[in-house]
Each structure stands twice: as structure tokens, then as C-alpha cells.
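Undergrad: Residues -29 to -1, 1 to 960 in mature numbering (1 follows the signal peptide of the UniProt record, and there is no 0) are what the sequence shown spells out, letter by letter.
Hints in this document: simulated from the structure, not taken from any laboratory.
Possibly wrong hints are sitting among the right ones.
[What the hints assert, rightly or not] Okay, the calculated beta carbon distance ranges per label pair:
#, residue 1, residue 2, range
1, Tyr376, Val86, 54 to 60 Å
2, Ser181, Lys662, 55 to 61 Å
3, Met667, Asp689, 14 to 20 Å
4, Lys662, Ser102, 56 to 62 Å
Glycine is no exception: its CB is placed at the ideal position from the N, C-alpha and C atoms.
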Amino acid sequence: MENAMINFKPKIPAMLGALAVLTAGAAHAELLEYTFKAPDGTQRSLTPNANYANPTGNISFALSAGIDRKVKISVLRSDGTVVSTATSHLLGATDRITVGGKSYYGAELQLPAPVGGAYTIRAEILASDGSTVQTDEYPFTVDVTSPTYSSLAPVYGGYGQVISGDVWKLGLGGSQDNAFLLSGISDESPIKGVKAKLYRQDGSLYKDVSVNYDDANGQARQSYQSGFFPASDLDEVFTLQFEISDSAGNSYLTPRQKVMFDNIANAPSAPFGVYDPSSTNNLGPGLTGFVAYTEGMTVKTNPIKLAWRVPRDNWHEYREGGINMTNALGEMSKVGEDASYVYLVTTVPYGNTDGNYWRWVNFGQWGGGGIAYNLTLSPLAPKSPRLLGVDYNYSDIGWSSFYRYWVNNSVLPVTVSSIRVKVEPRPYVQTAVHRGSCEIPVGQDSCVIANSFTMAKGTTGYVHDNATVFNPDKSLRSNPLWAEVNWNDQHYPQLSQQYDQNSKVFTLFVNQPGRGAYFDRLRLRSAWIEDSKGNKLSPTGGLIANNWENYTYQWDLKTLPEGQYSLVAAAEEMHGPLTRQPMFQITSDRTAPTMTLSVADGAAIQTLDDVVITLADAIDPSPKLTSIALVGGPANDKVQLSWREESKGRFRLEYPVMFPSLKEGESYTLTVSGEDAQGNSVQKAVGFEYKPRQVMLADGMDGKVMVPAVTHEFVHADGKRIIETKPLTLSDGAVVTGSYDVFATLRSDAKVPLVVNGVRIEPGQTMGIMSQHDFGASGGRLSIPVKPAVPDVVGSSSLLVMTSAPNSPILVVDINTWKGMAKLSAESWTIRQVIDPVKIYALPESGVPCRFTTKEDVAMAADPIRDPVCLLQWDRTPDEAEQTTQDNNGMKVAGLVGQAVSIGEQPVEYSLYLFSGDGSKVKVGSGSQNLTVTTAYGSVGYTPIDDIAQVNRVIEDFDVNFKQSKGPDCSITLSADRAKKRGREQGCW
């Protein structure tokens, strides 16, 4: 049977947190995030679609656009009037911001936080003339007030629990689900969540858990039946707090409540003693006639008398967390105690241990422990009755067990016309009692009770009567059985609903009257969504909160299969009562939008204006772009681009700074993502080479400039700066006029930081180098000084120069630094003093572009950039060497010639100078090498021409002539002056 109860709630949904991961839409490119300081002093950053916020002081908005654009942020009241607004400067190549680990061109603007209320954030991209290019609006609700609540208390107390005052003392209670209930939760913003925090006595945090939140009733419920507290014997003081958080970021922490808890009984697992009528044993205080209990022993009486021993510190009279015993089957008395134990005696029929009558009882609890023993009844003792089962005679199914849970309301009405009780035969008449009574003759095993009742439509009920069999004098009784027949056709689920059209999140609130009845067998079975034909649907979602009789379900309708639906919400109670409630019609779109890019993969483009993106969807009339990423190029840059929608579904890119693709491997990849209103996404990527128009250097150089690795700013011989361009022209050939900013970007792989027009630029950095340069006055040209920012670093640095003039060409120039170094060469770097000539030559080392000269006028006349000539100056030379210029394969080579006299290491040192066009003399390098001079002694030798080994004394004339036998050719003289003179002229005399 169905119930047509309808209760529609058309308000904005407050509980979307459970499906946030499913429904959070991507932010538009213009407003990336906003940051502020919350009332508690924490710094927060939110996405544009966060809606709720708790700002204080100023709010910083991060906005994205292209270069040569402005961004504007405004906060508007609900009537459209402006609360505050701010506009950026004209964005340039240096205006890079990082949000969420991604890089954008944009700016951060600040506005004062408005007072609490509902507003709209308007983000705009403006052209340089102030006209609006793109506008996006976002809801913005300011709430700086913490949530409130009205009460916090345990529910379903009883059994001696203390649920008020400074210290709550709690136990496991009865059959209900014991819980803490936080009621009257209220806030200006939707509640985001509730947490329960439990601290141990030593102050450590034991639990920090999310709590079921019932938004429809403003309640949060945390069960403590199991799993919330650690094992405790009412011997530790815990501290309980709840934290309530709203969607704006505010939170409230409830006052600290002290709580004690008992879930440990430590009840005896077996009897201590058994009464023996023939024994005079004294087992303990008050236990005369009792013998010690052992497994399987024989008991001589029925009813049986058992002794129990409980530690004194676990008995309720001496400790509040101690145990007690209840026995509705006979005697239960404390018969004695000593310093360690309390002693109890119970009398019960043999075989009956039913906990409904006989059990251990712990603090704050219906029970605490069952009764168990292993005894054999003496054959001499009377047997207790034994109940085997009870059957009802049902009108729909005939005789069947009286265990019939959840009788479905579809079979009602059902009448039970009679009751049959089954037992073990006994040698005495047995009386069965259950909703009446009947007698079972001696030796028989059943009887029928004349009793009837009807489970009628439109009613609810629970038959849970006890069935017991007695002996004639009722001194003995059987184990009991309990009927379990329950039905419900009275309490139908009550439904109310919320729907967020933007997120397509549907929330169903279900109230189940009578929840918890019949040991919680009356409860909600389930809730679901179906179509108008009764077919169950399976969107993502389900139960998100269970607050006893109040349930909350939530589904993301974007996950429905594609198609058109007339939706119906349904909920069913465990016994079959079913309520259906019409919802609304919806078209589910699971097909992604269609995206096209105007640029073919691998194409070459001159401008990003060549890229046109179109986005269309069969269902959503306004699909949106969600992100555009540009990756690659010579510097492997990564940047997120913003865009503008020039017409419905047609988008163009905002301009970044891009280096041209000058060689293989320097292409770019553009990745574009979009989605429709249902979250179906599409992504396309295209690779292209960026081949923009380039302006050339005026001197006809091929884009490579060689400058010394010194921090001096050189100019050409004619006084012009290092970078001089031809006129910049637009795509129609017209020379650029007007005033525009000029930017320079040093590629991230540059080896040397540069100073460009006085502005230092590090690798990967973009800087403004000229503000509002008057191109009309310069004939459309650029004249830019450049120098290395650090000395003595050799390498290539690619510099990109661009202007904010729309579609103007770019300049790419490689600045190559070189260090002045000479390669010194000699016939030998080890010579003999005076004898060997000194011949040293200086040539430019590999990679050094300048020629060497020893003539200052020649060096000054050369252009230091186009055709550099370095002035070579010898700083230290061998003592008899002179500088010279000689021909070497047609080249004039600077060198040193002469002799070295002093023995030892003689340094040969030089410096290289380059003259700037303004006449300044700049040292660009130096070097040295040692010349080793050895002694000339022993270098020249003579031997006699004739053999003079033997001559006659006086008798013969003695005539000896010598010839040179080693060393360089050398004339002999006995005149020192002549030797010196000829040595200077010929080298050896």
C-alpha cells in the first residue's frame, strides 16, 4: 500500500557537503581564487564558486587575463548597486601570478570585506581603453557569525544513568541506541558538518569523528552504544565537546562536558558453589551446606540453589560502577561478605537461565552479563518442564512458528485463531501459559490455547507475550519463549525534498513515525528514486544521515543515465508501508560537449588570434570552458591562459608571452577543457609551432650579438646601442606609432642574466624595460642597451623583446658573451739564456671573436660588437724581449721576440682591452704563461784539430788549433768588449 503524502521544500539546499566531490564546478578563468583572514585569524583561500565566506579586513582577489588587458573586481549588493570595486594596471609580460601551483597572467586586487549578507562578485577583463571584454559573476555570501545550538544531552537514559549536572555518568542502557543529541543547531549559512571530540582524563584526544547531521531538524546525533568510548568501568572522567562548522568557515566549540562511562561488568562466568542438602561444608560466609562448583557435577535439588562470589570492589554497594544481580525466578540474597568478596545465593528452576528473569546488572544498563552453568540434574530430583516451541494458526499460511518478524502490510488483515504449545512429556500435568492457558496431560506433548487476534489494515502492533510451562504447584517452570510477531500499516514514511538546480543535487528528508518500536524493528528499510513507471534509478548517492526517526538521503542527478525522466521519490518502512512523492521532470545529459579548435595539429601560426575555440552541446545552451593550458616552446614554459567569449560558444585566447619556435623541438601544446551544466567534460589538445612576425636588427645581423663578458654597457662605433631594430610594422605593413610599453623576457635556459635598458632580468623572468615608449618619435624603432649582469660568465642568452602594441612583431636576439683570452704559442717554452731566441705569438682563443692588435688607434677605430679588435698589451715580458707584429698565414700576429738572460721562471703576462664606441677603454681579459730560462753553461764546446796527446819537450814547436764540437755556431774572441757587441748583434761570440 502506498501513501501519497507530499511535503515539498523549495528552499536552497543546505546539505551538499556529502556530494561536494561530485558537484563542485570548475572556476572561470577570470577569478581564480580569493583570500582573506577569517575571524579566528587563519588565512583562507577559496575558489570563486565557494559562495559562502567569513572574511575580515581586506579580501585579495586573484584574477587572470592576457597581456595588454586590465582586470576589474566588484562586489555588488542584491539590488545591483556597487559596494566596492578595484581595477588593475594594464597587464604586461611581468604580471605572472601563481594559484594552485599553476601560473597565470593576471593581478591581485584588494577590496574591503563587506558586512554580513548576500552579494555578487563581478569579475571583468577590460581592454586597454577600459571597455569590457569578458564578465563573470559569482554568488558571494558573507557570514562571520558562528553557528549556535540550543541543547546537548544524552538520549534514552534510565537504569540509573546520570544525564545532568557537571558530570554525566552513562552506561549501555537498554535496547535503544544510546546517543548524544545536539539540538537547535542554527546558522545564517548552511551547516557544513558537526564533529564529536572525546578527550581522555589525561587530556589526550581519543575520538574526533564526524557526526550524522539532520539538516531538516537542526540536530546532530552521535551514538555511544559502542565504539565511541574506550573500555571503561566508570573509573575515568572523559571530556566531551562538539564542533559545529558552517559553509562560510565559522565554527563553534561547545562547552566542555565531563562524562563517565561504564561498559565493563566483569561478572562471574560460573557459580562459586552448589547447595548439597547432605553436606555440612561451609564454603564461605553464609554458605553452609554448599560445595564448590565444578563443571558437569550433579545437583541434587530442583529448584537448584547456587552460590556466587563477587569481588567486593565490583559490587554496586561499594562502588558505583560495580554490578548487581536480579532474579525473578526465585531467591537472590546477599548472605555474607569478607574483606575481599561478597557472597550471594540464588534459587531457580533447573535449566532456566533466561536473562529476562535472571541476569547480572551493570551500572546504567538493563543487563551486564548472562547466567551460565554446567550441571547434571540428579535422577532423584524432579524434572522441570521443557518448552519446545509455540505455533500460531494464521489465516493466510496456517500453522507456523510464532517467530514471524515483519509481517508485510500487503498480506493484512491476518488473523491468528488458536495457539499450539509443544513440550517434552512429563509424568505430571503441565500447564502452558501464553495469551491464555491449556493443560497438557501426563505423558502428552502439546495442547492448544483458545485465543485469537487480528492484525488489521491501518494498524500497527507487536505480539511479544511470554510462553512458559509450569508443573502443577508452579514450583518448577520451563525455559520461556517470546512471541515475535509485528506488523505496521499505520506509520508511513513522510517525505520532504530539496533540489539545487545548479549542482543537480537532490536531497530527500524522510521522517519515519514510530521509529524504534518493537526493539527497532519498526524503522525505515530504504529510500530511492524511480521513474514514473516505477523503475528504480541508481544515481550516485544514498543515505548521508540517520537521526533516529529522521533520515537524510542525497543523490547527484548528474549521474543519471542519459534521457528524460519524470522523477518520483520513494521510501519504504520495514513492514512494507511505502510512500511515493512526485519530484519533477529532468533531462539527464551524459554526452560531453563538442569542441573544435581552428588550428590543425602541427600547424604553424603567426598569432594566437589564429586560434578559435568553439563549444556546443545538444542539451546545455551555454557550455563553458574550464581551463586552457599552454605548454612548451623553447623554454618549455607552462602557463594557464584566460579567454574571452566573443559570441555564443565561440572563444578566443588572451595573450601570453611566447617565444617563437625557431628550431625542431620548440613547438607548443595547447590543451583546452570544457564542460556542460551536467559536468560532462571534453578536452582537446593541439600542437603547433609559433612563428610570429619578427622584426630584424637594423645592422642586418642574423639575430646573434657578441658582447664581452663584462658588466660594461658597450655602444657601437657610431654611438648606437647594441640593439637597434628596423621599424616595427603591423600585419598590414603600417609602421607602429603611438606609445606602448616594451617588455623583455630572458628565456629560462639562458646562461647569463642580463641588464636590459637598466633593468636586470634573470633567466625565465619577464620585465618591463620601457614604459610608454613613443614609437612615433623613434620612427617605429627600438634602441636598447644591453650588458651582462654578472662578469666572466660565457654563454648564450636568448632575449625576447615585445611591445604591448596589438599584433606587433617581436624581436628575438641571442646575446652571446665571450671572455677575452689569448692563446700564447712559442717555439719552446724552455730556452737557454742568451743562446736561444725568444719567439712568442698571441692568437685569439677559440670562441673569442676579436682580432688582436698592439696599436691603440687600430683598436679604437673598430666596432666593438660587429667587428671587435682587442688591444693586446704585454704587462710582463722576458728581460731582453720586444713586442712585434708579424705575418702568420696572411694575418698580422702580435708577439714578442728577443732573448732572455735571467735564469729561472720569467712570466709572460698580457691584458686585452676593447674600446666602446664612446671611447671608453674596457679590460675584457688577461692571461699569463711562464717561460723557463736555463743556464747557457756547457752549451758551446771546442776540441783540438790535431792530436796533441804526445809532443817532445823543447825540441818541437807547440801549435794547437781548435774547432767547435757542439752548441750553436759561435765565433771566438779574446776581447770581452767585442764579444758583447757581437753577442747583441748575432747572439753568440
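Undergrad: Give a verdict on every hint.
TA: Against the structure, the hints come out as follows:
1. Look at Tyr376 against Val86: about 58 Å separates their beta carbons, and that is inside 54 to 60 Å.
2. For the pair Ser181 and Lys662, the supplied restraint of 55 to 61 Å holds, since their beta-carbon distance comes to about 56 Å.
3. Roughly 18 Å separates the CB atoms of Met667 and Asp689, a value that falls within the hinted 14 to 20 Å.
4. Under the hint 56 to 62 Å, the C-beta atoms of Lys662 and Ser102, about 30 Å apart, miss the expected range.
Checked against the numbered hints above, the structure violates only hint 4.
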